[in-house]
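Chain by chain, the residues run as shown.
Number of protein chains: 4
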Amino acid sequence: MNHELVNTSIRPEEFLDVLSKSEVLRLLDSSKGGLYELFRNCSLAVLNCGNEMDDGKELLERYQSFEIKIHQTQRGIKLYIDNAPASAFVEGRIIKGIGELVFSVLRDVVYIGNEIELDKLTTSESLTDAVFHILRNAGVLTSSLKPNMVVCWGGHSISREEYDYSKEVGYELGLRGFDICTGCGPGAMKGPMKGAAIGHTKQRIKDGIYLGLSEPGIIAAEAPNPMVNNLVIMPDIEKRLEAFVRLGHGIVVFPGGVGTAEEILYVLGILLHPKNQKIPFPLIFTGPESAKDYFAQIDAFIKATLGEQAVSRYQIIINDPTEVARKIKKGIRKVRKFRLKTDDAFYYNWRLHIEHEFQSPFIPNHENMAALEIKQTMQPHLLAVNLRRVFSGIVAGNVKDQGIRAVEKFGHYEINGDKAIMELLDELLTSFVQQNRMKLPGTRYHPCYRIIQN
Amino acid sequence: MNHELVNTSIRPEEFLDVLSKSEVLRLLDSSKGGLYELFRNCSLAVLNCGNEMDDGKELLERYQSFEIKIHQTQRGIKLYIDNAPASAFVEGRIIKGIGELVFSVLRDVVYIGNEIELDKLTTSESLTDAVFHILRNAGVLTSSLKPNMVVCWGGHSISREEYDYSKEVGYELGLRGFDICTGCGPGAMKGPMKGAAIGHTKQRIKDGIYLGLSEPGIIAAEAPNPMVNNLVIMPDIEKRLEAFVRLGHGIVVFPGGVGTAEEILYVLGILLHPKNQKIPFPLIFTGPESAKDYFAQIDAFIKATLGEQAVSRYQIIINDPTEVARKIKKGIRKVRKFRLKTDDAFYYNWRLHIEHEFQSPFIPNHENMAALEIKQTMQPHLLAVNLRRVFSGIVAGNVKDQGIRAVEKFGHYEINGDKAIMELLDELLTSFVQQNRMKLPGTRYHPCYRIIQN
Amino acid sequence: MNHELVNTSIRPEEFLDVLSKSEVLRLLDSSKGGLYELFRNCSLAVLNCGNEMDDGKELLERYQSFEIKIHQTQRGIKLYIDNAPASAFVEGRIIKGIGELVFSVLRDVVYIGNEIELDKLTTSESLTDAVFHILRNAGVLTSSLKPNMVVCWGGHSISREEYDYSKEVGYELGLRGFDICTGCGPGAMKGPMKGAAIGHTKQRIKDGIYLGLSEPGIIAAEAPNPMVNNLVIMPDIEKRLEAFVRLGHGIVVFPGGVGTAEEILYVLGILLHPKNQKIPFPLIFTGPESAKDYFAQIDAFIKATLGEQAVSRYQIIINDPTEVARKIKKGIRKVRKFRLKTDDAFYYNWRLHIEHEFQSPFIPNHENMAALEIKQTMQPHLLAVNLRRVFSGIVAGNVKDQGIRAVEKFGHYEINGDKAIMELLDELLTSFVQQNRMKLPGTRYHPCYRIIQN
Amino acid sequence: MNHELVNTSIRPEEFLDVLSKSEVLRLLDSSKGGLYELFRNCSLAVLNCGNEMDDGKELLERYQSFEIKIHQTQRGIKLYIDNAPASAFVEGRIIKGIGELVFSVLRDVVYIGNEIELDKLTTSESLTDAVFHILRNAGVLTSSLKPNMVVCWGGHSISREEYDYSKEVGYELGLRGFDICTGCGPGAMKGPMKGAAIGHTKQRIKDGIYLGLSEPGIIAAEAPNPMVNNLVIMPDIEKRLEAFVRLGHGIVVFPGGVGTAEEILYVLGILLHPKNQKIPFPLIFTGPESAKDYFAQIDAFIKATLGEQAVSRYQIIINDPTEVARKIKKGIRKVRKFRLKTDDAFYYNWRLHIEHEFQSPFIPNHENMAALEIKQTMQPHLLAVNLRRVFSGIVAGNVKDQGIRAVEKFGHYEINGDKAIMELLDELLTSFVQQNRMKLPGTRYHPCYRIIQN
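Line by line, the protein sequences give chains A, B, C and D.
So in numbering that gives the first Met the number 0 the end of the first sequence lands on 453, straight run, no missing numbers.
So in numbering that gives the first Met the number 0 the end of the second sequence lands on 453, straight run, no missing numbers.
So in numbering that gives the first Met the number 0 the end of the third sequence lands on 453, straight run, no missing numbers.
So in numbering that gives the first Met the number 0 the end of the fourth sequence lands on 453, straight run, no missing numbers.
Mixed in with the good hints there might be a few duds.
Where chains are identical, the list cannot tell them apart; a pair therefore holds if satisfied intra-copy or between any two copies.
Claimed, not checked - Listed next, the in silico PhoX-like pairs over lysine-lysine satisfying Cα-Cα at most 25 Å (straight line):
| id | residue 1 | residue 2 |
| --- | --- | --- |
| 1 | Lys145 | Lys205 |
| 2 | Lys274 | Lys205 |
| 3 | Lys119 | Lys291 |
| 4 | Lys95 | Lys145 |
No wet-lab data here; the hints were simulated from the structure.
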């Protein structure tokens, strides 16, 4: 890895640098209520792209001298950057795609910091509206959007074979004109975009969208690839997940670890809700031949915890990228018809009912983790809520700055639950560890959790 | 005038129709706190374009059956329009430029109604920020903007000769690449745009800006011409005036009536402030040969009330469009240098100091009008504040719906002041009446004011 | 008129400046076979735009010191201009639209001079192909073209009322999305473009086409207005006329003089041909109230010479611009259906049969003029051929450099023919003279012809 | 390989489908003078893209039933395709990039067939002009072009490692904003484009150029990759080579076989000419570590045949893509300065002197091959001429339809020459065979030549 540092200044070419005096003041403010720290850390993560690293804490520690300063000029805002990772630059000048992402960060930090009052979002409606406003402000919601946004989920740490497979799926999706949305890190979040870019080029699609949805907590661990041409920083994982399911017209899940499991439980928990039963939502789990057992295990875990109805909402396709693209195409055609029939927007899935439990932020501290109830007697969609939180907590302990520090200080998270579920969970997590799905290869994984069977 | 009515539906092709559920609800809400009434009335004014009429009350009364309904669809918002003036349509389809203006109205009504809390804007800084945010949301402030926005002021009711002259000035400005910003009604607000459009066409400038700044109170009386390709509805006359002077890089004033006098006093009052003395701001009063006496009178009034220093801030050019354009060009070159030197934005004149008295909304009811202090002993820039308010009140009594109704109910506004000033004022207003500058020709003008000399 | 001269250099921003070495050499070559003279004279005409002058000889004499030099540079060709008319410049820099037209001249002079072997065009097919190739090379023929090109014919010297009327018709056509093609001089060739430009602006049509078709002989007398954004220099009047009828989807004729009469006879002569009887071709003669008698006289002349069948191919509409636009719209809808049914191109009316007599260049010298046969016993479409030539000759004698010189040297053209026709012709020409349709007002018209009744 | 066949029709979206009647007739004409055969075969080659095959004869034999028909419609030309290779289609619709390439073929076949009289191109100037006109007609020469076209040469049959290396070099070039031009087949002709595409995406360069220069003889063996967004079919290898050196601002050579050797000898032969000695022309030979010996051998061959001066015109860089890009950047900066100084065009290297021997087409039949003189006493740049012809002949015998058939019929080509050179040549060719550089892996190579030492 290149550890050189670079000092430079960058300017946006676009609209969003036009800030009011009060906005600039808040960005420069490094006190508690200010936005400087948030802006600096997310920018650093973006500038670190290309360097494979999935440890938020490590990133912040390595680049302690990194600084980013805002300066008003005649033509808008200029950013002065000190001691940035060299990988973002070519011959001393920032790679333009990365510069754009820094300004995306700026845009979202300013907007969320000034226009969204997170504390006041108490109702489900207001939370959904907030997600909408953030996405709209980011220019992601447009009336010209056709239903062709495919969300791709999967691990940041996957094998070369799985990565190449995700590229092939992306290529077939791109050939068919689909856009790609991922969590914007490496691995399965990058492969489909790369593949789609080639498909788009061959089809002469110049405005293909490679949308990355991130959050301040995870971005340091999963730096957006410069392929990403739309980046949105959502305030937390719950709003990020809501953004995925309201924006996406279909979801493809590649092999992954706990983050992927969290996503699967989130979407299945929502689709299981009685109000959502008639809403079409193509959901495909796929991987190369070698991922066959992996998905069998996931499948078994879902069946055992959420039941057959959950199983009926997805399809598993092994080693057939063309078939995945065709199924997605067919599924999205149904989505389109449904939206037309119900007069629902193409660009935002308003009709999807999301329970408040799925929306309210879960803070994965030791107390909250230990308190999560996991019982077979729970309603499937509520069990899904808590299982998602379990996985969410483990993600934090694995890669998020705050989570890592908490585990360093207080020891393992404790996870309690019914024996039957706990055994399955243990098995699943163990296999993730064995398959190197918890952390990037080259580092030894130290579990951040302990499973306790009641 | 064509009194036919048309029913139809229109859709935007652009981004801004993407509204959240809560925004749509407020737009549909015709109760007190709702936005329906405001949206309806401004839209009606826009649709009435092309029909010469300068009476806000008359417009609303004539088209009582006009309705505009909002409907969410898959691709954004659709507007259903009932009983609209036929002049906005060609063979049953809305003229595209007018359709765009309706969506500009929608955009501003939604933004001001949801994002700007007018009641809380107590400081000068917050008012300036609010003006900035409204303009930015309207897409008017961009970092690619060079300093070339020329504000053109002048009467809505002017002679054919004066109108043709304003077109010629616009043409010379357009040939030199300048954009035009006006209050977007007929007369001197339309001529310069038409002229500039031809200049731009000859210079192959395809993205020439014809910016109209209006306000809900006046738009019914001064419907934007379809040449306007950027329309912004500011909340009130004070914010509208601030928008003019912060956006414009130079101002050309054509002959006009009380509205024009209000504008002149506003800008001179600001330029007189000690903090603004070093800020370059090209300001030119111009008209054809026949307007020579008119400007001599204005000149005398300014000298007598605001003094020589005020006179030094403007130039009077008679019957020389090319010279006007050259002087503006020279003046704006100085503005550019000054902004570069002081690191001030090109797109917003942050550095211009505007006293709180100029910003806080003045409600021109009978009580407030009568209470205005007008004395020769006042500081010039404070005298300018109150003289502006006098003219502002008369504009309301002449053409604004609410003002007309108030005068109908309570009789003339009373204006008190020092004899010396009152005599000059009386003379000026009388000449406006004689020259048909108060109302469009064809209607007899009934003064809405009475001057009382102390 | 401004007689200042300007020296400057201009560069194109577009593709066509990329010339090969041999092309540049021929452009620089002022010997007989070279292209310099042609290029210089047409460029001078373009640069003279805005100056009202309709005398080709006068132009060339006044600007004898004018020179235009070609210079190859790294980024293409640069033109150095010496002693050009000042009206083409703003503060020393060429008006961009005029600069473009100079490069259009360059393009056509190079193409026709190098790629079209005029001498070898002996068959009707090869002549039609040549017209096609010149237009295609000029970028005028595109597959994205819908059938919406309205050709507007009419005089360069018309009254203010007629001019304003032609603007109104253009406005109504522009509002309905039609493009305009004219012979690109002043008067009725400019009004419709100006009107359409405003209609297009209101409809936000940014790529409206204002196509001017000229020829080296006439361009000095009818300089293209800078509104023209596509200029094509056809080699001679016959190819120019063919271009009009193959490109246009409908024709509107405003009042005019001999040139207009030539155009009317040309199109009617073609439409009268048996092979063209089923081809729809909207053709409207229109003018303000004051033009009523004018068109009655034209109508009578056509009836008397070409017969009722010719009369059935056009409609006369007096003082109703909206009706003109509606009729054109209706007529062009039929054209569209016909082309779809017959698989004919939208962008070129291949199917229209044009007799070789209409295509082969007629040199209007004294001998040829005197030899023209004009008899009532001729077939109508052949009589049309010769009548067109008569008018063509008079145009040359009136405004073309070579024609004027020939008349100065050899006296009047003599026109012989059957008494009945000669009387009508004399009447028609006399009225043109009386109505100032022969030459721009301010100059006294000296007839260049003499009518001899057999 | 997918052997399915597809029938469909395609339409261009662009300008070039607008053909005249005579042009269409010649395209439909399958007789000797007609263009059908040429158009059909080149189109088939383009449609075969993605299928790895380097045997022109095999392609034509496999798809004997393939047909392509031209049909005029209202909006231009439609192509009906029968029995085309399935790989060009997604779900029955042609991949848009491939469709574009078919229309590029159409454009060039029409232009060369109608506008270029190959027989008459006897002088060096006229040949250079012809190359210019073909490229200009293809839209490749534009005045907006900066000097940033990097030509990449190298084998179609290279190892995975070499291919990946060529991608990396392309990536570094793309990051620095360079466009890529290759012979548009697989291997080293595809890798740099793929890499550059990713570099361009990261730098948000949307109009990156991936220019492929082919010729009818080779295109069947080296089908353009769909990355190619500009394809030009030059009439023969000599004009194709001239196009490379006149368009390119620098050349990077990757490992390859006889085709690459031909290219190296061509460019060195030209650069050796005394008139070209002062013309800067960056030329870099590069490959991964494993290619070190390969380039040492090439280097030795050049030194022994063309001498030290030839060696001084190139640099060999092993395993350092960034260094290659930096050297190219530096070299092209010199090219830019030189063109500025000498007023030479950026888009076409007019100043480069090319001897007539390098331009006149060499027909590689048995007689011509046997007659080639190869002696150490020859002037280096003339020896280069004949050595290039030797390699050119072997390329034909290896992969071109006509060459393969000739060798099948008449046996090996015989190559005579001085013993010293023949030994080196034998060695070089033998190593190409051993390294699988003659044909795609999987097929056994049967030499088409025999070396005879005098």
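Cross-check of the supplied hints:
1. Lys145 x Lys205: both (16 Å within a copy, 22 Å between copies)
2. Lys274 x Lys205: Classified as neither; 38 Å inside a copy, 44 Å across copies.
3. Lys119 x Lys291: Classified as neither: same-chain Cα gap 45 Å, cross-chain 61 Å, threshold 25 Å.
4. Lys95 x Lys145: between (28 Å within a copy, 19 Å between copies)
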